[in-house]
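> Since chain A is already given, all that's left is putting chain H on it; use the hints.
Protein chains: 2
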Amino acid sequence: MKHLTTTDIAQMEQRSRARLINSLSGFKSANLIGSQDDKGCTNLSIVSSVFHLGANPALMGMIIRPDGVPRDTLSNIKQTGSYTINHVSSDIYCKAHQTSARYDANVSEFGEVGLTEEYVEGVIAPFVQESQLKFSLEVREITQLMVNNTIMVIGEIKHIIVDELGMNPDGYIDIEALDTVTISGLDSYHQTKRLARLSYAKPGKELDKLP
Amino acid sequence: MKHLTTTDIAQMEQRSRARLINSLSGFKSANLIGSQDDKGCTNLSIVSSVFHLGANPALMGMIIRPDGVPRDTLSNIKQTGSYTINHVSSDIYCKAHQTSARYDANVSEFGEVGLTEEYVEGVIAPFVQESQLKFSLEVREITQLMVNNTIMVIGEIKHIIVDELGMNPDGYIDIEALDTVTISGLDSYHQTKRLARLSYAKPGKELDKLP
Numbered sequence: 001m002k003h004l005t006t007t008d009i010a011q012m013e014q015r016s017r018a019r020l021i022n023s024l025s026g027f028k029s030a031n032l033i034g035s036q037d038d039k040g041c042t043n044l045s046i047v048s049s050v051f052h053l054g055a056n057p058a059l060m061g062m063i064i065r066p067d068g069v070p071r072d073t074l075s076n077i078k079q080t081g082s083y084t085i086n087h088v089s090s091d092i093y094c095k096a097h098q099t100s101a102r103y104d105a106n107v108s109e110f111g112e113v114g115l116t117e118e119y120v121e122g123v124i125a126p127f128v129q130e131s132q133l134k135f136s137l138e139v140r141e142i143t144q145l146m147v148n149n150t151i152m153v154i155g156e157i158k159h160i161i162v163d164e165l166g167m168n169p170d171g172y173i174d175i176e177a178l179d180t181v182t183i184s185g186l187d188s189y190h191q192t193k194r195l196a197r198l199s200y201a202k203p204g205k206e207l208d209k210l211p
Numbered sequence: 001m002k003h004l005t006t007t008d009i010a011q012m013e014q015r016s017r018a019r020l021i022n023s024l025s026g027f028k029s030a031n032l033i034g035s036q037d038d039k040g041c042t043n044l045s046i047v048s049s050v051f052h053l054g055a056n057p058a059l060m061g062m063i064i065r066p067d068g069v070p071r072d073t074l075s076n077i078k079q080t081g082s083y084t085i086n087h088v089s090s091d092i093y094c095k096a097h098q099t100s101a102r103y104d105a106n107v108s109e110f111g112e113v114g115l116t117e118e119y120v121e122g123v124i125a126p127f128v129q130e131s132q133l134k135f136s137l138e139v140r141e142i143t144q145l146m147v148n149n150t151i152m153v154i155g156e157i158k159h160i161i162v163d164e165l166g167m168n169p170d171g172y173i174d175i176e177a178l179d180t181v182t183i184s185g186l187d188s189y190h191q192t193k194r195l196a197r198l199s200y201a202k203p204g205k206e207l208d209k210l211p
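Line order of the protein sequences matches chains A and H.
Residue 157 in the UniProt record's numbering sits at position 157 of the first sequence, and the numbers go up by one each step.
Residue 168 in the UniProt record's numbering sits at position 168 of the second sequence, and the numbers go up by one each step.
The shape of chain A in the complex, shown without the other chains:
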């Protein structure tokens, strides 16, 4: 086993350190954030930082770097209060990754990478038509984290659109059946293979594998 200390980390070349530290959290979600500004210019950006915050109310968080590429996304969310989160499948992962290029603010990534805008009545932000699981949010809170000036955006889920193929009677959505991919590090995309769903754990009780 290799043992790296704070000094080793500090002395690494900047890009290598970014690749290393971005690998540590484990597998990450792969989502496209859809938004538009108040003039109607749409934006689409891949993020790997979406995380679950709570089910009731249904809240989702994401982290945006103040100097990072999805800065148009943040600006649009501030303008309209609306955004969508769209799962990335293996069919579209290269197009999704391409949205991380630094396009000008007045250029829509939808057109540039070849993905299709889709609209739902009452939602300003565009969905990704090609996505098999997607939902819209209304922003609830935008906070700058003092430790390193990153921005945390928290939204409440309003509309969920999901391929019925993934819906399980107990509420679980089988995102593997929907071919949602996962990200490791800054640039690696992965499909998944289920080991099992496990039963609710109790002290002194054997776990069951759910059917």
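Just so you know, these hints were derived from the structure itself, not from any lab.
Mixed in with the good hints there might be a few duds.
Taking lysine-lysine and the DSBU-like style, the derived pairs with C-alpha atoms no more than 30 angstroms apart in a straight line are [as the list claims (entries may be wrong)]:
(1) Lys209/H x Lys2/A
(2) Lys205/A x Lys205/H
(3) Lys193/H x Lys209/A
(4) Lys2/A x Lys193/H
(5) Lys158/A x Lys2/H
(6) Lys193/A x Lys209/H
(7) Lys2/H x Lys193/A
(8) Lys78/H x Lys2/A
(9) Lys193/A x Lys205/A
(10) Lys2/A x Lys158/H
(11) Lys39/H x Lys39/A
(12) Lys78/H x Lys39/A
(13) Lys202/A x Lys78/H
(14) Lys78/A x Lys202/H
(15) Lys2/H x Lys78/A
(16) Lys78/H x Lys193/A
(17) Lys209/A x Lys2/H
Frame of chain A; chain H shown alone:
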């Protein structure tokens, strides 16, 4: 495609809604949090809410529910300022899941589920010996999120211990080669199969698949 609205979500039975909403963020990281209180009683709890916050300084966030199972973890982190994050592999995912049972505060999950404490000089919190990628943190910030009273814990990475098999010359750690698993929903565990690592995206430039 199925379309669910706020009303549909509100009317769902509570556990079904939790399963549904927990499926939406996409694949999640699978980590064991190691800690101990100031009397030396150790604790281990699985979390799927660890997320990357920044590489320099190397910062990691995680979300803890105030009434959730890892409340001993939060109490220990407040007491000692120290915790470890340990990747879960397919060898130990059932033991890792079992740590989510509600054991008493004076019972160590290490012994109950059959995982081994490992210590590094200068770090109070125990690592998981069986884990192939693990790191220690010193707490930097504990914040209660006003939207739903969940707790965000932010720590700075101090020691990284990683199987050299996973280390790539460019800094990336191949967590798939280390057999790190990923979680979907509340209870589903998955191995991964790489599609590709993709090159840094630039406008008007074709993506390359990295070797």
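> Take the C-alpha atoms of Lys2/A and Lys193/H, compute the straight-line distance between them, and say whether it is at most 30 angstroms.
Holds: Lys2/A and Lys193/H sit about 25 angstroms apart, inside 30 angstroms.
> Is Lys209/A within 30 angstroms of Lys2/H, Cα to Cα?
holds, 28 angstroms
> Take the C-alpha atoms of Lys78/A and Lys202/H, compute the straight-line distance between them, and say whether it is at most 30 angstroms.
holds, 26 angstroms
> Does the alpha-carbon distance linking Lys158/A and Lys2/H stay inside the 30 angstroms limit?
With Cα atoms ~14 angstroms apart, Lys158/A and Lys2/H stay inside 30 angstroms; holds.
> For the pair supplied as a hint, Lys209/H and Lys2/A, is the alpha-carbon distance within the 30 angstroms limit?
Status holds; Cα separation ~28 angstroms.
> Just to be careful, I want the Cα atoms of Lys2/H and Lys193/A compared with a cutoff of 30 angstroms; is the pair within it?
holds, 25 angstroms
> Lys2/H and Lys78/A were given as a pair; does the straight-line alpha-carbon distance stay at or below 30 angstroms?
It holds: about 29 angstroms lies between the C-alpha atoms, which stays within 30 angstroms.
> If you draw a straight line from the CA of Lys78/H to the CA of Lys193/A, is it 30 angstroms or shorter?
Not OK: Lys78/H and Lys193/A at ~37 angstroms, beyond 30 angstroms, violated.
> Are the Cα atoms of Lys78/H and Lys2/A separated by 30 angstroms or less?
holds, 29 angstroms
> For the pair we were handed, Lys193/H and Lys209/A, check the Cα-Cα distance against 30 angstroms.
Distance of about 22 angstroms is within 30 angstroms: holds.
> Measure nothing beyond the straight line between the CA atoms of Lys78/H and Lys39/A; if it is 30 angstroms or shorter, mark the hint as holding.
Roughly 47 angstroms separates the two Cα atoms, so the pair is violated.
> Would you mind confirming whether the straight-line C-alpha gap from Lys193/A to Lys209/H stays at or under 30 angstroms?
Holds - the C-alpha atoms of Lys209/H and Lys193/A are around 22 angstroms apart, at most 30 angstroms.
Consistency with the previously given hints fails for numbers 2, 11, 12 and 16, ordered from lowest to highest.
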